[in-house]
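K.L.:
For reference, each letter of the sequence shown is one residue, going 40 to 194 in our numbering.
There's no promise every hint is true.
As the list claims (entries may be wrong) - So the derived label-pair ranges between C-beta atoms look like this:
| # | residue 1 | residue 2 | range |
| --- | --- | --- | --- |
| 1 | Val107 | Lys159 | 45 to 51 Å |
| 2 | Thr184 | Glu113 | 47 to 53 Å |
| 3 | Gln106 | Glu191 | 49 to 55 Å |
| 4 | Arg118 | Thr147 | 30 to 36 Å |
| 5 | Gly93 | Asn155 | 26 to 32 Å |
| 6 | Leu133 | Phe53 | 37 to 43 Å |
| 7 | Lys126 | Lys50 | 43 to 49 Å |
| 8 | Ile123 | His48 | 19 to 25 Å |
No lab work stands behind these hints: they were computed from the structure.
Using N, Cα and C, we set each Cβ at its ideal position, and we do this for glycine too.
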Amino acid sequence: MRDKTTYIHNKKVFFNYEVQDTFEAGIELFGYEVKSIKSQQGNLEGAYVVVKGGQAYLTGMTIPPFQVGNTPKEYEPTRSRKLILHKKEIKKLLDIVDAGGKGNGGLTIVPISLYNNKGKIKVEVSIAKGKKKADKRQTIQKRETDREIRREFKR
């Protein structure tokens, strides 16, 4: 069995959001986009998932062309890409986000990483709640204290 190879990782997700639940989704890509991702080109920062018409779409992800000369002229690096999920998963995502907008506040669906699973490129998406500034400060402070503790143990 092949190991999972992570191609692109969104480092800011765990800093900007509290991750509540994660899903694995397939993604529809062109061949030259697959080559670009496998060479670890692309950016997930600022990307999010939109559910419309019973389908989930990844919006805001940038995949630059692998070979500029061989890419069609009409190629758009930031186009919306369809995610492949079961209907039950799409319904669950839609229900949670709709409920979040009506009272829980700040729930969104964000991609965490793109990786290889059994020869297919998959996206790990999560339902997340945006952190407030105070929570971010607390995260920074915890990280710095952990770093100081590791330094002391080294000595």
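K.L.:
Now, for every hint given, state plainly whether the structure supports it.
P.N.:
Results for each hint:
Separation of Val107 from Lys159 is about 26 Å and departs from the stated range, judged on CB atoms against 45 to 51 Å. Separation of Thr184 from Glu113 is about 51 Å and conforms to the stated range, judged on CB atoms against 47 to 53 Å. Between Gln106 and Glu191 the beta carbon distance is about 50 Å. The supplied range of 49 to 55 Å therefore holds. In this structure the hint that Arg118 and Thr147 lie 30 to 36 Å apart at CB is violated, the actual value being about 20 Å.
Checked against the given bound of 26 to 32 Å, the beta carbons of Gly93 and Asn155, roughly 28 Å apart, stay inside it. Distance hint check: the CB atoms of Leu133 and Phe53 are about 24 Å apart, inconsistent with the given range 37 to 43 Å. For Lys126 paired with Lys50, a C-beta distance near 32 Å fails the hint of 43 to 49 Å. Between Ile123 and His48 the C-beta distance comes to about 20 Å, which sits within the given range of 19 to 25 Å.
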